[in-house]
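Chemist: For reference, the chains in residue letters:
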Amino acid sequence: MPIVEIPVGPQHPALKEPIRFIFQLDGEIVVGAEPRLGYAHRGIEKLAEHRTYVQALYLSERICGICSVAHTTCYVETAERVFNVEAPPRAKYIRVIVSELNRIHSHLLWLGILAHEVGFDTLFMYTWRDREMVLDLLEMITGNRVLYAINMIGGVRHDITPEMADKARKVMDYLEERTKYYKRVAEEDPVFNNRLAEVGILSPSDARRLCAVGPTIRGSGVKTDIRRDDPYSAYDEVPFNVITYDEGDALAKTLVRIDEILESINMIRYALDHMPGGEISVRVPMRPPPGEAVGRVEAPRGELFYYIKSDGTMRPYRFKVRTPTLANIPALCRMLEGIFVADIPVVVASIDPCIACMDRVLLIDKSRGKKWVWTKEELRRYSLKWYEEHGRR
Amino acid sequence: MSKSETLSVEDAIKRILGDHVSTLQAVPPRYIFLELRPENFKYDLKRLIDELGIWHISTISGVDLKDSIELIYHLWCDRYSVGIFIRVKLPRDDPKIESISDILPGAVLYEREVYDLLGVRFLGHPALERLLLPEDWPDGVYPLRKDVSLEEARKFMLGKRAKRNADS
Amino acid sequence: MGLIAWARRSSPWLLHFNSGGCNGCDIEVVAALCPHYDAERFGALLKGSPRHADVLIVTGPITRQVARRLLRIYEQMPEPRFVLAVGSCALSGGVFQESYNVYEGVDKLIPVDVYVPGCPPRPEAILYGIVKLLEKARGAKNVEK
Ligand code: SF4
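Protein chains in written order, with the numbering used here: chain A, 315 to 707; chain B, 99 to 266; chain C, 830 to 974.
Some hints here could point you the wrong way.
[As the list claims (entries may be wrong)] Calculated cross-link-like contacts (lysine to aspartate or glutamate; reagent style DMTMM-like; alpha-carbon spacing at most 20 Å):
{"hint": "1", "chain 1": "A", "residue 1": "K481", "chain 2": "A", "residue 2": "D520"}
{"hint": "2", "chain 1": "B", "residue 1": "K253", "chain 2": "C", "residue 2": "E953"}
{"hint": "3", "chain 1": "B", "residue 1": "K253", "chain 2": "C", "residue 2": "E927"}
{"hint": "4", "chain 1": "C", "residue 1": "K937", "chain 2": "B", "residue 2": "E249"}
{"hint": "5", "chain 1": "B", "residue 1": "K164", "chain 2": "B", "residue 2": "D245"}
{"hint": "6", "chain 1": "B", "residue 1": "K144", "chain 2": "B", "residue 2": "E108"}
{"hint": "7", "chain 1": "B", "residue 1": "K187", "chain 2": "B", "residue 2": "E149"}
{"hint": "8", "chain 1": "A", "residue 1": "K623", "chain 2": "B", "residue 2": "D165"}
{"hint": "9", "chain 1": "B", "residue 1": "K164", "chain 2": "A", "residue 2": "E363"}
{"hint": "10", "chain 1": "B", "residue 1": "K144", "chain 2": "A", "residue 2": "E363"}
{"hint": "11", "chain 1": "B", "residue 1": "K187", "chain 2": "A", "residue 2": "D625"}
{"hint": "12", "chain 1": "A", "residue 1": "K497", "chain 2": "A", "residue 2": "D573"}
{"hint": "13", "chain 1": "B", "residue 1": "K244", "chain 2": "B", "residue 2": "E149"}
{"hint": "14", "chain 1": "C", "residue 1": "K937", "chain 2": "C", "residue 2": "E953"}
{"hint": "15", "chain 1": "B", "residue 1": "K244", "chain 2": "C", "residue 2": "E933"}
{"hint": "16", "chain 1": "B", "residue 1": "K253", "chain 2": "A", "residue 2": "E446"}
{"hint": "17", "chain 1": "B", "residue 1": "K244", "chain 2": "A", "residue 2": "D625"}
{"hint": "18", "chain 1": "A", "residue 1": "K537", "chain 2": "B", "residue 2": "D176"}
{"hint": "19", "chain 1": "A", "residue 1": "K623", "chain 2": "B", "residue 2": "E133"}
{"hint": "20", "chain 1": "A", "residue 1": "K494", "chain 2": "A", "residue 2": "D573"}
{"hint": "21", "chain 1": "B", "residue 1": "K164", "chain 2": "A", "residue 2": "D625"}
{"hint": "22", "chain 1": "B", "residue 1": "K112", "chain 2": "B", "residue 2": "E149"}
{"hint": "23", "chain 1": "A", "residue 1": "K623", "chain 2": "B", "residue 2": "D245"}
{"hint": "24", "chain 1": "C", "residue 1": "K876", "chain 2": "A", "residue 2": "D435"}
{"hint": "25", "chain 1": "A", "residue 1": "K623", "chain 2": "B", "residue 2": "D176"}
{"hint": "26", "chain 1": "B", "residue 1": "K244", "chain 2": "A", "residue 2": "E363"}
I should point out that these hints are in silico values taken from the structure, not numbers from a laboratory.
Sequences and hints are given; from them, build the entire structure.
Modeler: Here is the structure:
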């Protein structure tokens, strides 16, 4: 059987998401995909058993640098359940604001990567420029650009002052305008449409069967969102819409994310206006009582899952993390079946595997006895050229 | 979620599983832990899934309890908006259980992960292979077991490095 | 100074390799190369292949699985080659120290020329690292062989 091996490089971050695929090809068409994971396996779960609860917080933040707030929020929400404490209301609102800012930054980053994959580098530069505005805001609030260290067990570390809120509102106005522009680009630009529409379709039944999460499943028209179904922090008080699109292709997933940016902007505005006053943190004992807790958080990429078991000591007995990209891998394999080789970069990017870092692609076509190695860059160029020659399928 | 609805899902579970469920503990507001016996685990799980219309599994966590290995299947039930977390305890010397990847295909990778890091064998799994650990990791050493200390696990790696340095 | 050495120090080509880090450093490296910070004004250009690269930017704590790959990439690079270690992970393992699956630092495997500390370092710091590296390359008289 002709076999193509595509190692999706070890250039990929979160806990265990760097993956590599063995592709089976029939000419230009992918007939099967099988994942190999583990390049960034850093043994975090074992390591956390040897850290105190406070130290493990910093470890959890460093599982993924892009959705870092989602990880710490999930960690502190879960740990607070173990410790039997509750964060003050103002802290919960600050968590929502920072989480949503993080979502905007992550979606913009992803939009840039996708634009790069389809050969639309201008958009890549645009989105990364706008992303800097969000990072500046985050830096103003938390003091950091990437790993914010804002959450702590029992509250948050920094307050949002009225001046910061004013600045944030201005940036939100600017971003809203830009995002509407991006939406117009995604809907009308022929390059985008040509490369994204009807590519990598995931049917709703497959999406449910394979337990996809986040924008991947919402792009297939399944209405699920942890923020609505299992609200944490202050999400039960902040109104928002769960965005779904029915087509299930890469374009639908793009539009879901763009619309989610708009929702996040409105949520931030609402949260800034309705933030209750008061303390931002409560004191927490060193040791929790024995017990266990589960936490689920809607990270930018989907459901993030934590499980913490305590035996009454200062260190967690068991610390379990399931990152959203891992949950989306079976669905990704399904989406990759039946597509053209030239569409692989876009389809892989469409689930937003943090950064679609395919650093090097090894292709072996056994039927012709040929073997060639591609870097990710070459695969991208190949697909751009292929589309130049073939035009619209 | 009001209290009465949580109660009703507990009743629904009891009705479906009868005395097969040994402990059932609700954690307000939306979570339920329950324990099943390994013997008819899959049969019970399938009935639960069919009757409650569950389609989402978040993950499977494995915990080494020192005298046994505990698996927790984290399911989410849309109909009642509750998380149903099913415990099952396996003997530590030869942990094995039937795979559920045919009734919940989303569990394929999670079962492989537990196999890789804790050494639980899932009978009937389509491809029970390593998921995360390197290919040259020694067989029979499972990093998340409590008897493997961090230093010990580290030694496997350092040993390797010392050897390579000697070779070159 | 020969033509090649002159070209090399005026326009170093970079190769970016994530050895299992958290991505925080990686997005900052990319941000440093984007117009807002603009590393290209020093002539630095991101390249996809080790055979074309002069400078290897390594982020992350080096997991066991990628160690061999890192060595291979390093060996494929033409001499003289420079290594820029970015982030606490790449310097010492950072928060992942003591884990069973990481090597705790790039310099355990390959020689490093410039270390950029921080978790993650700011893009300005990465730029400073690149500039330092260029100074070092300029000083290296024996670059031509
Ligand atoms: S140094 Fe910090 S930001 Fe950089 S990869 Fe390591 S943990 Fe992530």
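Chemist: Next, verify each hint and record whether it holds.
Modeler: Comparing the hints with the structure gives:
no. : hint             : in the structure
1   : A:K481 to A:D520 : 44 Å, violated
2   : B:K253 to C:E953 : 38 Å, violated
3   : B:K253 to C:E927 : 11 Å, holds
4   : C:K937 to B:E249 : 18 Å, holds
5   : B:K164 to B:D245 : 8 Å, holds
6   : B:K144 to B:E108 : 17 Å, holds
7   : B:K187 to B:E149 : 24 Å, violated
8   : A:K623 to B:D165 : 16 Å, holds
9   : B:K164 to A:E363 : 14 Å, holds
10  : B:K144 to A:E363 : 34 Å, violated
11  : B:K187 to A:D625 : 18 Å, holds
12  : A:K497 to A:D573 : 8 Å, holds
13  : B:K244 to B:E149 : 37 Å, violated
14  : C:K937 to C:E953 : 26 Å, violated
15  : B:K244 to C:E933 : 23 Å, violated
16  : B:K253 to A:E446 : 43 Å, violated
17  : B:K244 to A:D625 : 13 Å, holds
18  : A:K537 to B:D176 : 11 Å, holds
19  : A:K623 to B:E133 : 16 Å, holds
20  : A:K494 to A:D573 : 9 Å, holds
21  : B:K164 to A:D625 : 12 Å, holds
22  : B:K112 to B:E149 : 12 Å, holds
23  : A:K623 to B:D245 : 17 Å, holds
24  : C:K876 to A:D435 : 16 Å, holds
25  : A:K623 to B:D176 : 25 Å, violated
26  : B:K244 to A:E363 : 10 Å, holds
Violation of the numbered hints given earlier is confined to hints 1, 2, 7, 10, 13, 14, 15, 16 and 25; the remaining hints are satisfied by the structure.
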